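Heads up: the sequence lines are chains B and Z, in that order. The numbering of the first sequence is this note's numbering, which starts it at 1 and goes up by one. The numbering of the second sequence is this note's numbering, which starts it at 1 and goes up by one.
Warning: the hint list may mix true and false statements.
Said to hold, decoys possible - Below are the DMTMM-like pairs computed for lysine to aspartate or glutamate, each with C-alpha atoms no more than 25 Å apart in a straight line:
(1) B:Lys79 x Z:Glu301
(2) Z:Lys163 x Z:Asp23
(3) B:Lys86 x Z:Glu301
(4) B:Lys157 x Z:Glu306
(5) B:Lys21 x Z:Glu306
To be clear, the hints were calculated from the coordinates, so they are not data collected in a lab. Note that the structure is predicted; figures quoted are calculated from it, not measured.
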Amino acid sequence: MKKILIIISFLLCLTGCYNYKELNDYAIATGMSIDLNNEGYEVSFLISNSPKSNISSSHDYRTVIYSGSGKTIYECIKKIGMISPKEIYIGHLSIILISEDVAKKGINESIDFLLQEPRSKKNFYIALTKDNKAKDVLAITSPLTDFPSQNLSSNLKTTSQLQGAIIATDFNKLLYNTVNFGTDIYLSGFKIKGDKKDGSNQENIESNNPKAYVELTPLALFKDNKLISWTTFNESKGINIINDNINNAYFTIKYKKGYVVVETDKLKTNLIIKKNKDVYIKTTGKASINEITCNIDLKDQKELKKIEKKIEEKIKKLELKAISITKKYNSDVFATELKYYRNYQKEYNKIKNWKDIYKDINFNTNVDIKLNATGSITQSLERSNNEKNN
Amino acid sequence: MHLLKNVNDNIQYIKNINHNSSDFVSRLITSNNIQIGYIYLESVTSDDKVSNFLNKSIINSNNIVYNLNNNIYNSNIVTLDNLDNIFYYLSSGFTILFIENYDKCFAIETRAILDRGVSEASSEPIVRGPKDSFTENNAINLGLIRKRIKDSNLIFDEVKVGKRSKTKVTVAYIKDIANLKSVVKVIENIKCINIDGILDSGYIREFLKKQTNSVFPQVINTERPDLACTSLLDGKIVILVENSPYALIIPGLLIDFFHSPEDNYQNAYNATFLRILRIMCFIITISVPALYVALMTFNPEIIPNELLISLALQRDGVPFPTALEILIFVITFEILRQADIHSPTVSGSAMNIVGAIILGDAAVNAGLVSPIAIIIVAVTSICELIFYDVDMINAVRLWRIIFIISALFLGIIGFLCCLFVFITKLSSLVSFDIPYLTPLSPTSLTGIKNYLLRLNRKFLYRRPKYLSKNSRKMVNYEKDSDYN
Chain B
1 MKKILIIISF LLCLTGCYNY KELNDYAIAT GMSIDLNNEG YEVSFLISNS PKSNISSSHD
61 YRTVIYSGSG KTIYECIKKI GMISPKEIYI GHLSIILISE DVAKKGINES IDFLLQEPRS
121 KKNFYIALTK DNKAKDVLAI TSPLTDFPSQ NLSSNLKTTS QLQGAIIATD FNKLLYNTVN
181 FGTDIYLSGF KIKGDKKDGS NQENIESNNP KAYVELTPLA LFKDNKLISW TTFNESKGIN
241 IINDNINNAY FTIKYKKGYV VVETDKLKTN LIIKKNKDVY IKTTGKASIN EITCNIDLKD
301 QKELKKIEKK IEEKIKKLEL KAISITKKYN SDVFATELKY YRNYQKEYNK IKNWKDIYKD
361 INFNTNVDIK LNATGSITQS LERSNNEKNN
Chain Z
1 MHLLKNVNDN IQYIKNINHN SSDFVSRLIT SNNIQIGYIY LESVTSDDKV SNFLNKSIIN
61 SNNIVYNLNN NIYNSNIVTL DNLDNIFYYL SSGFTILFIE NYDKCFAIET RAILDRGVSE
121 ASSEPIVRGP KDSFTENNAI NLGLIRKRIK DSNLIFDEVK VGKRSKTKVT VAYIKDIANL
181 KSVVKVIENI KCINIDGILD SGYIREFLKK QTNSVFPQVI NTERPDLACT SLLDGKIVIL
241 VENSPYALII PGLLIDFFHS PEDNYQNAYN ATFLRILRIM CFIITISVPA LYVALMTFNP
301 EIIPNELLIS LALQRDGVPF PTALEILIFV ITFEILRQAD IHSPTVSGSA MNIVGAIILG
361 DAAVNAGLVS PIAIIIVAVT SICELIFYDV DMINAVRLWR IIFIISALFL GIIGFLCCLF
421 VFITKLSSLV SFDIPYLTPL SPTSLTGIKN YLLRLNRKFL YRRPKYLSKN SRKMVNYEKD
481 SDYN
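Given only the sequences and the hints, what does the whole structure look like? Please build it.
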């Protein structure tokens, strides 16, 4: 027993601390951006753990952006290593921004590195940047969050839960869609509002009315992993509804010279493809009224039924818009090919090119919404005022 | 050695055995032409008793032997016919009385009270419940148990141990509850002890422990008579040692060290919660520093995003490696604790201030340690202090350092390897024929109900079978069913 213990203790010394590295020897990158320039790619890292002063007792910190260019992503990263005094650690990336021109060229090359790298955690978000360099977007600070990457990722996350037009895509989800055949990817984007030079200043954080900020844009459609078009707000909403990405979405409906705003809850969509390539989309959900600017008596069931019908029409319209734009660019974001392949393999094998067929697929939409909550008041303010006047 | 005819010779003989020690007092009296002599040790004997009882009854009496046997107002008189054990009686506070031409001598109890009274339990304080504690006096200790359990089946078996000290060691058990086989074994064990002197129950404890190379205690120490009685009623064996205020309870299983005597006097829900809390503390105090070292130096990918940046910044500028930083702090804390235990209360508060300032603020401001390291060590040290038993604290401390070192070499993998060894070690221990991890493994439902949790008393109508063959606690309870 004693011999074994001695042998084990010697063996322990031989490990030489195989992977030993103190945490403060790393430069922790929380954001990454990929741009194009004359040399090829330009990769930038947002390093988040640089202390503000050298006195260790103060734990204030600021962020630093290091960039490197090269023909491949890995080459760029090695060039950053020559600038940075600490080893870059990408295990905790929270967001990767890909600029519009890189996306147009195709995102396969960019993704490949992240897939190879064993230390990356693969649960970060991926987003595009519209009109601006990705590096510039990565530099815009926000007074509400500690560092820009946190601003971007939490903005993406919360907005995708509340708005309906935005979708937060993490790396695993992106991989699933790029590696699988028969489906095309779609990503949300960021753009800078204001001057990008102001955005990276310290003043931008200290001011209570920031001069520059980043804003989310609707989805971008891809075909064969290449960006082909940006969509509008409504088209994005339609895509997200059909793909069952969202629970909550708001809809503004024109009704009796005014508007009714409803928010849906538990929105659920089922997409079925039949043998004859007819697609049936069934959307169900519950809705509640949030705002009324017209004269309605909410106690009247007939009125509510009418509003229900209007919501259904509205959703149907959004879905059709989404379908028409995907047909226009031949981008199969609804994964119809994949679904057809899984269900009807024999028939699928006869088809040579799905893209030719996609344009002619017949989409049938069916929406069923239940208006169950009418808010806190039973009569709109408009109506009660009218009654008083009468 | 037989008694001598002459009284004076007897007295001189006794004095010579002890080289005329200064505390011998002897007196020769001639009454009715019969020479009487007595001798006692004034250091352990009450002079008052000798004068009041002895002198009054022997001076001017006609028939001394008759008087001694029937008329003396003293309850404990032993008749001896040789001088072999004489010194034991003298040291115990007896007065030895010799009568001329009589072939026996009398040992009359005239003991002086050299003990402190029953005081409050200082090392195991509780909020609710009995407050008395064992003292150094064996008779008082036995009395404290006897007055709680007035049962004819409560047995005290006495063994004298120690070649020179001749200490009384009492094994207490309840005849129809305790496992008699282990009682016999324990008594045999104690009889086999061959040592000069037993000064505290701690001596016995080492002889009882079979696997002496384990740091985990297999015997419970207590100074609370109520805890001793609870254990007796559960079927355990209590060993009381003369001159020691600490009773030993065997067998001691791991789960017993998570208990407080208070658990039995509290609401069942609170007691269960506290027991689970103590188990959590045990896990925290052993594993947290090692996990911290592993995460900081090998596996940062496990740390959540928000925490990582803050940890990295706190570590920035600290000159020592993480493991050394933690080890230095753990050891510093232990030094402070040792200093605090043995220093008089007057200087204790001064040390608290020094400890708090140096360990806390100053070390961080000087850039020697990171604040998070202080938090880690503080949490582990506080969690360590929930144990009543000092041996348990020591065991936990040792294993904590082993865990830190294994995490230092191999990170999370090293930690897990060490955990594996730790659990194997624990489950291989046996305390008096009962596996150390009972009732968890081997599992005993009754044991879990009684000891891991503390259910409402109406559900605890059985004793676990591994402790006692006689498993009924409540005889008339209707729900009594036949499962274990």
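A quick look at each hint next to the structure:
Annotation: proposed proximity of B:Lys79 to Z:Glu301 holds, straight-line Cα distance about 24 Å (limit 25 Å). At roughly 22 Å between alpha-carbon atoms, Z:Lys163 and Z:Asp23 fall within 25 Å of each other, so this suggested pair holds. A threshold of 25 Å between alpha carbons decides the hint, and for B:Lys86 with Z:Glu301 the separation of about 17 Å falls inside it, so the pair holds. Using a Cα cut-off of 25 Å, the hinted pair B:Lys157 and Z:Glu306 holds, with the two alpha carbons roughly 15 Å apart.
A hinted pair counts as satisfied when its Cα atoms are at most 25 Å apart, and B:Lys21 with Z:Glu306 qualifies at roughly 20 Å.
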